[in-house]
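Participant: Given only the sequences and the hints, what does the whole structure look like? Please build it.
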Amino acid sequence: MSEGLTVQAEPRQGFGKNNNRRLRRSGKIPAVVYGGGGPAIPLTLDPKTVVRILHSEAGHNAIFTLQVEGKAPARVMLRDWQWEPLRGDLLHVDMVRVALDAKLKLRVPIHVTGEPQGVKVQDGIFELVLREVEIECLPEDIPDHITVDVSGLMIGKSVRVSELPVSGKVKVLSDAERVVAHVIAPRVEEEKPTIEAPEAAPAEPELIRKRKPEEEEAEAEGGGEKEGKREARKEGGKES
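Numbered according to the numbering used here, the sequence shown terminates at residue 240, and the numbering increases by one at each position without gaps.
No wet-lab data here; the hints were simulated from the structure.
Watch out, some of these pointers could steer you wrong.
Stated by the list, open to error - Label-pair distances were calculated between CB atoms; the ranges are:
(1) E69 / A99: 47 to 57 Å
(2) D89 / P39: 20 to 30 Å
(3) R52 / P186: 36 to 46 Å
Bear in mind the structure is a predicted one, so any value in this text is a computation, not a measurement.
Every residue gets a Cβ at the ideal spot worked out from N, C-alpha and C, and that includes glycine.
Facilitator: Here's what the structure looks like:
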């Protein structure tokens, strides 16, 4: 919470894109406050005060006093805001009135403290798995964050939502079995086996088969017949 912080605002008279541009050039931004049983009121305010709240320990969960000219002070929270994507300037803010006797549901960040033993003596790897948790409580009991000590974590051990240290005035709504943080063993890359290329198989030698006598005789006779035919063709040519 942002105790004692007050944001001064004025009722907004003009509307539309052109009026908003002129407003921003003058160093102010458009805003609106609503909820809490009251009417929605368009406002103008200094963006620097809102940026200071967003960068505070409580951040967007901060409850502060909104002082509007001609209106009674109201306790409010930031509900929505818009940034200019290139320059990062704050462009617009929505605020909601807060009833101090009504419980709120919201998300708060988780902070860790200590060096895990599993990292220190076992060379393990610490991982913060869950960075925020949903809670329910009265506005005055909203914690800026929830701190958990992880110094006792060894490899294979974890902290779950059910083990978060919270006040008895705060109810945790997130799943109690969800892992908040743990220490895991270092990753070891397995060496891939080297596959040797198979040696080329030697070429098969050409087999020269010894011919049988009858094959040689048949070849000789065949050759004689061919020679006889050639001689006959020659004789026939001479007679003609």
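Participant: If a hint holds in the structure, say so; if it does not, say that too.
Facilitator: Against the structure, the hints:
1. E69 / A99: 47 to 57 Å: violated, 23 Å
2. D89 / P39: 20 to 30 Å: Taking Cβ atoms as reference, D89 and P39 lie about 28 Å apart, which means the hint holds.
3. R52 / P186: 36 to 46 Å: holds, 42 Å
Comparing the model with each numbered hint stated earlier shows that hint 1 is the single one that does not hold.
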